[in-house]
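Peer 1: Positions in the sequence shown are counted from 1; adding 176 to them yields our numbering.
Bear in mind the hints are in silico, worked out from the structure with no lab data behind them. Even glycine gets a Cβ: it sits at the ideal position worked out from N, Cα and C. There may be inaccurate statements among the hints.
Stated by the list, open to error - Computed spacing ranges between beta-carbons, pair by pair:
(1) Ser580 / Lys297: 18 to 26 angstroms
(2) Leu301 / Ala419: 27 to 35 angstroms
(3) Ile418 / Phe293: 18 to 26 angstroms
(4) Ser190 / Lys297: 47 to 55 angstroms
(5) Ile298 / Gly225: 19 to 27 angstroms
(6) Leu542 / Lys406: 47 to 55 angstroms
(7) Ala522 / Val286: 32 to 40 angstroms
(8) Gly225 / Pro412: 48 to 56 angstroms
(9) Glu267 / Met394: 15 to 23 angstroms
Claimed, not checked - Lysine-lysine pairs mimicking DSSO-like chemistry, simulated, CA-CA at most 30 angstroms apart:
(10) Lys491 / Lys415
(11) Lys193 / Lys491
(12) Lys415 / Lys405
(13) Lys485 / Lys415
(14) Lys193 / Lys395
(15) Lys405 / Lys395
(16) Lys485 / Lys193
(17) Lys395 / Lys415
(18) Lys395 / Lys406
(19) Lys193 / Lys492
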Amino acid sequence: MATQDSKTLMTEGSISKKIIFFAIPLFLGNLFQQLYNTADSLIVGNFLGSNALAAVSSSGNLIFLMVGFFNGIALGAGVVIARYYGARQIERLQTAIHTTVAFGLAAGVVLTAVGMFFAPKILVLMGTPAEVLPQSTEYFRTYFAGSIGFVLYNICVGIHQSVGDSRHPLIYLIVSSCINVVLDLLFVAGFHWGVGSAALATIISQFASAYLCMRHLMKAPEEYRLYLKKIRFDLPMLKQIIANGLPSGFQNSVIALANVVVQSNINTFGRMAMAGCGAYSKIEGFGFLPVTCFTMALTTFVSQNLGAKQYERAKKGARFGILCSISLAELVGIVINLAAPLLIAAFNSDPEVISYGVAQARTVTLFYFLLAFSHCIAAILRGSGNSTIPMIVMLCVWCILRVSYITVTVHFIPDIRVVFWAYPLTWSISSAIFLFLFLRGRWVYGFEKRK
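Can you make the complete structure from the sequences, with help from the hints?
Peer 2: Dropping the structure here:
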């Protein structure tokens, strides 16, 4: 058996250092990802106008609806890989890695076909205004033509993170971000190719990062090295990956579907509301960064340590990660709250667009700590193999309750602020439920009993 890389193994050494040093590259990586996602909206909004900005913005929730399911399966694969890596079961680790890549290739093909075919139909069902619909469809179809690139990139990044390597994905994401911004400026501002060229710039950059990520895996330490000739489905391992990932995939899809319903309600207030809320959503992506990096770190940390049967270490790491995440999320929320007018204006200078974006920011940003807490507990539960529990909680609260509240309340109070308040209210309820589950400690004890 090959020697484990102690730099990526999270079952030994200082808990705080392991989590922080793993989370920092994740934070920087997600920061660059948000920057290049935001570059689309900034460049489109400033060079092509509010209709084009609304088109890009309205596609976001729909894209996540299509991608979320497969990303959830990939998340389950990461839990399985991390567990085998922590338990030092190298043969199973290799099988899990190559089955995961095979799944990514198949998922990319499926997403391309489904995304290209269903884009116009779903956008119409969402109530996308007629003046925005052609550009939304163009952006969406162009984006999904490159499905294999972004699915493979996410799969390979997940493998790196599962073995505790968050540094190399950061490097590849920086390269990808630079490519995307340069191509955005060239295609949109230089050649004036329209809104579809912003999506084209994105998929080219994603293919570049996917290539770099796979290339590094093919030269990685032998225990988790990727061999092209070994990429195939192992049915027992695929069943295990799907069993771990299906609840997360279903959760992602249903939450995305709920967000599509929310977007449909925003669409009824017109294209200015779409543009303003779309601009805020890009800014909100930066507010989610502490949440994203610590949830990924927690899932990997918990998976590896439970795989190595270090239960007390897993609990200590979970408490540390939660504290860091909610503190940073709230700090970012305060900054966005104060700077909202300037931040929204960077996307579009129309006073009505700014008004909608600022109204949403001022409603939700001070409640980011609740969002962080819910996501952290969900990540801990997934890392312990209990992915069904967060799925049920988020399905009931973030989907059924949120959509019901908006649908009923907007009917009687036709004010867009009703839509904005749906988020802090449902974050509060899910946090209360997750706090109860975490204090009971069932996530560790249940895993120990199963093992």
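Peer 1: If a hint holds in the structure, say so; if it does not, say that too.
Peer 2: Evaluated hints:
1. Ser580 / Lys297: 18 to 26 angstroms: Taking Cβ atoms as reference, serine 580 and lysine 297 lie about 25 angstroms apart, which means the hint holds.
2. Leu301 / Ala419: 27 to 35 angstroms: Between leucine 301 and alanine 419, where Cβ atoms are some 32 angstroms apart, the hint holds.
3. Ile418 / Phe293: 18 to 26 angstroms: holds (24 angstroms)
4. Ser190 / Lys297: 47 to 55 angstroms: At 53 angstroms between Cβs, range holds.
5. Ile298 / Gly225: 19 to 27 angstroms: At roughly 24 angstroms between Cβ atoms, glycine 225 and isoleucine 298 fall inside 19 to 27 angstroms, so the hint holds.
6. Leu542 / Lys406: 47 to 55 angstroms: The hinted range 47 to 55 angstroms holds for leucine 542 and lysine 406, with Cβ atoms some 50 angstroms apart.
7. Ala522 / Val286: 32 to 40 angstroms: holds (37 angstroms)
8. Gly225 / Pro412: 48 to 56 angstroms: holds (54 angstroms)
9. Glu267 / Met394: 15 to 23 angstroms: holds (19 angstroms)
10. Lys491 / Lys415: Roughly 28 angstroms between the alpha carbons, so the hint for lysine 491 and lysine 415 holds.
11. Lys193 / Lys491: Status holds; Cα separation ~15 angstroms.
12. Lys415 / Lys405: The given pair, whose Cα atoms are some 21 angstroms apart, holds under the 30 angstroms limit.
13. Lys485 / Lys415: Holds. Lysine 485 to lysine 415 sits at ~23 angstroms (cutoff 30 angstroms).
14. Lys193 / Lys395: The given pair, whose Cα atoms are some 27 angstroms apart, holds under the 30 angstroms limit.
15. Lys405 / Lys395: Holds - the C-alpha atoms of lysine 395 and lysine 405 are around 14 angstroms apart, at most 30 angstroms.
16. Lys485 / Lys193: It holds: about 20 angstroms lies between the C-alpha atoms, which stays within 30 angstroms.
17. Lys395 / Lys415: holds (28 angstroms)
18. Lys395 / Lys406: Roughly 14 angstroms separates the two Cα atoms, so the pair holds.
19. Lys193 / Lys492: holds (13 angstroms)
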